[in-house]
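Asker: Protein sequences appear in the order of chains A, B, C and D.
If you count the first sequence from 1, you need to add 597 to reach my numbering.
If you count the second sequence from 1, you need to add 597 to reach my numbering.
If you count the third sequence from 1, you need to add 597 to reach my numbering.
If you count the fourth sequence from 1, you need to add 597 to reach my numbering.
Don't take each hint at face value.
[Claimed, not checked] Computed footprint of chain A on chain B, listed as stretches where at least three residues anywhere in the stretch have a Cβ under 8 angstroms from a Cβ of chain A:
1. 771-780
2. 830-841
3. 864-870
Worth flagging that the hints you see were computed from the coordinates, not collected in a lab.
Glycine residues also receive a C-beta, built at the ideal position from the N, C-alpha and C atoms.
Number of protein chains: 4
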Amino acid sequence: MSSSFGSLFKISTFGESHCPGVGVVVDGVPPRMSLSAADIQQQLDRRRPGGNRLGTERDEADQVQILSGVENGLTLGSPIGLLVKNKDQRPADYGSMSQIPRPSHADYTYRVKYGIHASSGGGRSSARETIGRVAAGAIAEKFLLEKYGIEIVAWVSSVGAHDAAQVDLDKISREQVDANEVRCPDSAAAQKMTAEIVAARSDKDSVGGVVSCVCRNLPAGWGEPAFDRLEARLAQAMLSLPASKGFEIGSGFAGARMRGAAHNDPFVQKGDRLGTLSNYSGGVQGGISNGEPVYFRVAFKPPATIGQEQQTVDYQGNATVLAAKGRHDPCVVPRAVPIVESMAALVLADLALIQKMRS
Amino acid sequence: MSSSFGSLFKISTFGESHCPGVGVVVDGVPPRMSLSAADIQQQLDRRRPGGNRLGTERDEADQVQILSGVENGLTLGSPIGLLVKNKDQRPADYGSMSQIPRPSHADYTYRVKYGIHASSGGGRSSARETIGRVAAGAIAEKFLLEKYGIEIVAWVSSVGAHDAAQVDLDKISREQVDANEVRCPDSAAAQKMTAEIVAARSDKDSVGGVVSCVCRNLPAGWGEPAFDRLEARLAQAMLSLPASKGFEIGSGFAGARMRGAAHNDPFVQKGDRLGTLSNYSGGVQGGISNGEPVYFRVAFKPPATIGQEQQTVDYQGNATVLAAKGRHDPCVVPRAVPIVESMAALVLADLALIQKMRS
Amino acid sequence: MSSSFGSLFKISTFGESHCPGVGVVVDGVPPRMSLSAADIQQQLDRRRPGGNRLGTERDEADQVQILSGVENGLTLGSPIGLLVKNKDQRPADYGSMSQIPRPSHADYTYRVKYGIHASSGGGRSSARETIGRVAAGAIAEKFLLEKYGIEIVAWVSSVGAHDAAQVDLDKISREQVDANEVRCPDSAAAQKMTAEIVAARSDKDSVGGVVSCVCRNLPAGWGEPAFDRLEARLAQAMLSLPASKGFEIGSGFAGARMRGAAHNDPFVQKGDRLGTLSNYSGGVQGGISNGEPVYFRVAFKPPATIGQEQQTVDYQGNATVLAAKGRHDPCVVPRAVPIVESMAALVLADLALIQKMRS
Amino acid sequence: MSSSFGSLFKISTFGESHCPGVGVVVDGVPPRMSLSAADIQQQLDRRRPGGNRLGTERDEADQVQILSGVENGLTLGSPIGLLVKNKDQRPADYGSMSQIPRPSHADYTYRVKYGIHASSGGGRSSARETIGRVAAGAIAEKFLLEKYGIEIVAWVSSVGAHDAAQVDLDKISREQVDANEVRCPDSAAAQKMTAEIVAARSDKDSVGGVVSCVCRNLPAGWGEPAFDRLEARLAQAMLSLPASKGFEIGSGFAGARMRGAAHNDPFVQKGDRLGTLSNYSGGVQGGISNGEPVYFRVAFKPPATIGQEQQTVDYQGNATVLAAKGRHDPCVVPRAVPIVESMAALVLADLALIQKMRS
C-alpha cells in the first residue's frame, strides 16, 4: 500500500529529497529480457530538470544503478532494485518555510499526518519521488514494446490558456514531442506556451497545464471488470502524480455534453479485427481495451511554491507573508511528459500480465 | 483484484443481470455498530430505476438481505454478506444484439476477453453490478457519519449542455438534491436538464452529464503518499463506474489554465485548526486531506444503448444496422448520484482505517 | 485481508453459525468451464457432519446455491457467488458458556478483540466458516483436474496414538479414503482410530489427529520465490484451519534429524522430464514444484469443547466449573479431510494462474 | 506478491548472490521512531556467516546502509530503503554445477520456472535473500519492543538427533542463546550439537535441525480470523525460509496425539487479565493472541549442497556424479536463529498495525 503499485508487475518506491538516494524495486519483470542501465537512463534524462530556462536550474545527474535482478544483460525474473543517489543531501533554502506551511503545498498535511517534518517539507510528495516511477516505467515500456509492439507517447497539450492543435494519434512520436523544450508538437502553440512559462517565472509565479498521452497497438481484451478497469487504473496512476488535478479518457468531460448517437463509435472491419470509426471511447469499452489507441489527458495545477509574496499564516495561525526562496519550477508539464508515459506503462504492463492468466 | 476494492474496509462484489442475485461481501466493518437492512435499503432505493419518465421503466424491487456479520442489530466485526435477488432472470430482448456488438458498449470487449457472451452482453459491465457497491457504500457512510460526522452529498451538475449554478458546498443536502427527479439542486437548470433527457428519449437517443460530490468534515491527515493519495483512490473509484469518462478534484482541468498566485489557497486560522480561504485544492494537498471539504466531479458519457438505428458491423464484420429494442435509460447521471456517494464513502472508510494505524 | 485468500484465484468467505447463511465469492475462475451445483455439493457432502457415530449428530443439509458467474452451465469469468443457508439460526445450548470462556476455545480472544460476543462464541472461528472454503475449493479442484490432470487426495493418518501405515502416494484415491467413516485407508488402523474416537466421546472427551495430503501431476515450476513459496502458501492455508497446530512438507520434522547425503533426492530421468528417486523434498525445491507429488501433513488438536467438567474461571476471573452441553464433535480429522483438500486446491489454482504470467 | 510480505508493515526484498547488492524497502514503519544503522546491524551480524568452524568460512561484512525514510535519527513515516552491498559479485566455484542440478536444491526448479540460470543456481533461493528480511525484521523488533514491550527470542532446540532440554519460555534471553556458537541455551546439548555439525562437515555432509522461538508480552487480540490467523501468518513466514520443512505452534504435532481434557488450557486470573495455567495453545486461540507467550518451532532440513559425491543426472538426463566444490554451510540452524526472530517480528508488527484499526 501507499508506496507500492501494481499487482503482478509491481513496484515499490522509496526516497525523498534529502536522503542518500531514491529508487524502486520492480517485481514481476519477465525473465530473459535484455536490460541495461542505458535503457532506463534515457527516460530519467527526459525527466531530469534541465539547464534550460523552462525548468529549475539545479543540476541533477540522476544516474541509475541496477542493484539486482539482471545478470549478463538479461533479466533473471527476480526483483530489480534500482537506485539513484541524491547529489545534495543537505537540507537548504527551506529555513523560513519550516515555520510557515506553503499554501497549496503538502507541508501542512504531512505535518498533521506524520507529526514530523522532513527537511524539504512534504517528504514523499517531493518531485524526486517520481524518479522511481520513471525508472520502473522504462522497464515496463521496454517489455510492452518488445512483447506487444506497444508505443506510448505523451506531450504537452496546454499551458495556461494556450492549447495545442489536435495531434495525429497514430503518428505522434517522442522525437516530435522533444523537438522543443516545452514538449508540445504544435510548434506555434509551443512558442506561446514557452512565452507563458517564461512570463510566469519572470512574475515569480507559476502556471498549470495539461499532458495528453496515447498508447498504441494494445491488443483488445486488457483491463478487468469493475474496480480494475483500464481507465480506473490509469486514473489512479495519474492522480497519484504530484500536482495532478484531473484525468479524462477519450471524450472525457466534453463527452458528457454529447448525445449518444454522436458519441457512439461505430464498428468497422479493420484487417482481421473489428475496429471503430471514431474513438470517443478512448480505446476502452466496459473497462477493457478494444484495440483502438488508448487516449487520455491529465491536468496539472500551477506549482504551489512561488517566489511572490503570499499572505498566509504560520503553523501557529499567526498572519504572515511567505515568499519562497531559491529557484522553483514554474511549470511541471514539460517534465511530467515522461512521468505520465511511465505510469501508463506500469498500468499496461500489469494488465498485460493479468490478462495472461485468461489465456 | 478486479471485483475487490479497498484494503482494510474491503468489498468483493458479485453478480450480473441474469443470475439469481447480485451482492457484496464487506470485510473490515468495525464491530458494535448498529446496522439494519433499512440502513442499506435507503441508498439502494435511490439507485433503483424508478417509475418516472427519466429512468427506465423496469420495476426492480432490489430488496437487500443481510446474510451475515450482524447479530441483534449490531455488527460483529466479521464479513457482512449482502444479497439482492434478481427479479427476472430470463434473458430477454437481447436477441438481435447477440450477433451485433452494440457500438461503444462492452459487448465486444467482453467477448474478446472471455470468449463467452453473458445473456445481457457485457456481463459485469452491467449497471446491476453497482448494486453491491451501493449496498456496501451505505455501510461505509454510516460508519463515517457516526464515527467522524462525515457527510457525503452528490448531485447532477450538468446534463448535456445544461449546467447547474455553483452550489454551496457547506450546505448542500440530499433533501435538496432529491427535490427533483433529475437530482439537480438548481431548479431552473433542473427543468432544462429534464427537458433534455425527455428530448433524448423521444429521439431514441441518450445524453451524458456530470455528477459533482462534496465530502464534508473529513479530519486532516487522511490519504497516503504516492500511489494511494486520496484523489488517486477517488479517481480509481469513479473511473471504475460504468460510463464514466473523467474525474477532476478541486480546480480540476480549469486549474490547469491558472497561475499559481491565483490558484494557491492561503492558510487562515479556523477555530482550532488551520484552514484555507479558497479551496482550489479540493480539500487535498499532497494527496492528504487538509480539513476542507473534499470536492470532485465525474463525467459520464451518454449511454451506448440507444433505440436509433446505427450503422455498424456484426461480429463477422458484415455491415448492418442496429436499433436496440426495449426501454433503455437515456441518461445515467440522476441514478449515478447515490453510486458516486457510495464509492466516495468506500474510499474514505478505507483511508480512515488506514489512518488509524498512524495513531 | 482476513476473510480473503489468494491473489488471482481469490476467495472471500462470509458467515458464522447463527446468521442466515454462509458462503463465498470466488473471483478469477477461468471462463467457459462447465460448472454445476452438483460439482460443488459432493465435497460439501463429505464435509457435512454425518449421522454416523463419529461426528456430531446435528443434521445439516448444507445445499449450495450458485448465485452468479455461471450461465447455461458454463462459467462466465465473473465472480461466482455461492450461498449455503444456515438451517437453524437460533442460538441455542450456549447459555452457560456465555459467562465462561471455554478453555482453549476462541470465546475469550474474540471477546477481547471485538468487544462483542457472537451467539456461538468464537464467531468466525466456527467450523461453519469452512463451508465457503470447501465450496470454493471444489471449483479450484475441478479447474486443476480438467486443465492439468491434478489429483488431490487427503486422508487421516493418525488419531491419538494410532498411526496409519504409509500409503502409496501414487495410488491413494478418495474411494479408498472414504471406505470407512474415519477416512483412513489403512483399515486395521482405521478400526483402532474409530475405537479411540468412540472412547473419547464416551469419556465426554475429545482427541486430536493428523491429516495427510498428496497432490499429484503438478507441473514443475509452480510456486514463487521468497514469500510465496508453494510450501509457504500451503502452510498459511493449513494453519488457517480451525484447530490446526502444525504443518510439515516432505520429510518435515523428521527431516530435521537427518544428514544431507541421506536426505537429498537424487535426480533421474523420468520419461521426458527430470524426476527424483526419493521424495524427501515433498515435491518442492526452493519453493517451486519439481514435478514429483507434493506431500504434506497437518496436525489438528483435540476439539476444545468437551462434556467433561473443567476447572476454569469465568470472564470476571471467578473460579468455576464448565461442562459443555449439547453434542460436540470428539475428533475433527475425518471431516477435515475435504477441507484440507480444498485449501490445497485453492493454493494450487492461484499458483497456476500466477505461473501463467511467466509463459 | 512473491517478494513482498505484510499488508501494513510491508517489506519488498531484492537481490541475489552475484549482483551489486541485496536489500529491502520497508513501508509502514511509524514515524518519529528513533532508528540508526546500528539498530539494524546487530541482527545482521548475528545472521552473518562467522569465521568460526560451524559456519561457512566466507567473510561477508554485510554492512547496512539506510537509503531513505530516516532523518536526524528519526523515522519519517516514509518507506525505509536498506542496502547491503555484495562484496564479491563474481560468480565462482559453481562451474561444474551449471550442468548438473544439485539434488534437493533449487537449481532445477528455477531453471524450469524462469528458463534462465543465475550464476549461483537458485537465484532468489539464495541464503543472501534473507539479509533483507533480517534488516527489516530488526526495525519491526524495535517497534514492537518500544511500543509494546514485546521480546522475541529464538534458539536452536535440536541438531540431528540431539535435542535441547526444555527452556524456560519466560526467561530465555538472547544472551543465553548466544553463549555458544551453536546457539543452544542447553550447554550440554550444545556440545553434542557442535560435535554433530563438526562431524557432518568432516564427512563432507550436512545435518538438519530445529529452531524454537518465543514471543513474550503480546497483548491479547492480535491476529485476524480465517486466513490471517496469527499462526497462519507465522506458518507462511517460516515456511518461506530456505530449507524449512515444518512449523508447529504450541503443542504442535504432539498435541495431535492428546485428549482434549489434557490439552485444554484452563483459564486463571493473572493480574488484571485472564491467563491460562498451561500453554498447549502456544499463545493463540482461534487465531488470535490470548496474552500468553506465543511459542513455535521450525524444522530445517540438512543443506542440499554437500562435498560428498552424489549419484545423479545432469540437465540432459545423463547419469553423473556431483561433488560440490567450495565451502558450504553444514548446518543452517545457528544462523537461522535471527532470521526466525526477524520473520516473527515482521508478522507481529503487521498484525499490530492491523489491530489498531479495531481500536
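Asker: Would you mind marking each hint as holding or not holding in the structure?
Answerer: Tested hints:
| no. | hint | result |
| --- | --- | --- |
| 1 | 771-780 | violated (count 0) |
| 2 | 830-841 | holds (count 10) |
| 3 | 864-870 | holds (count 3) |
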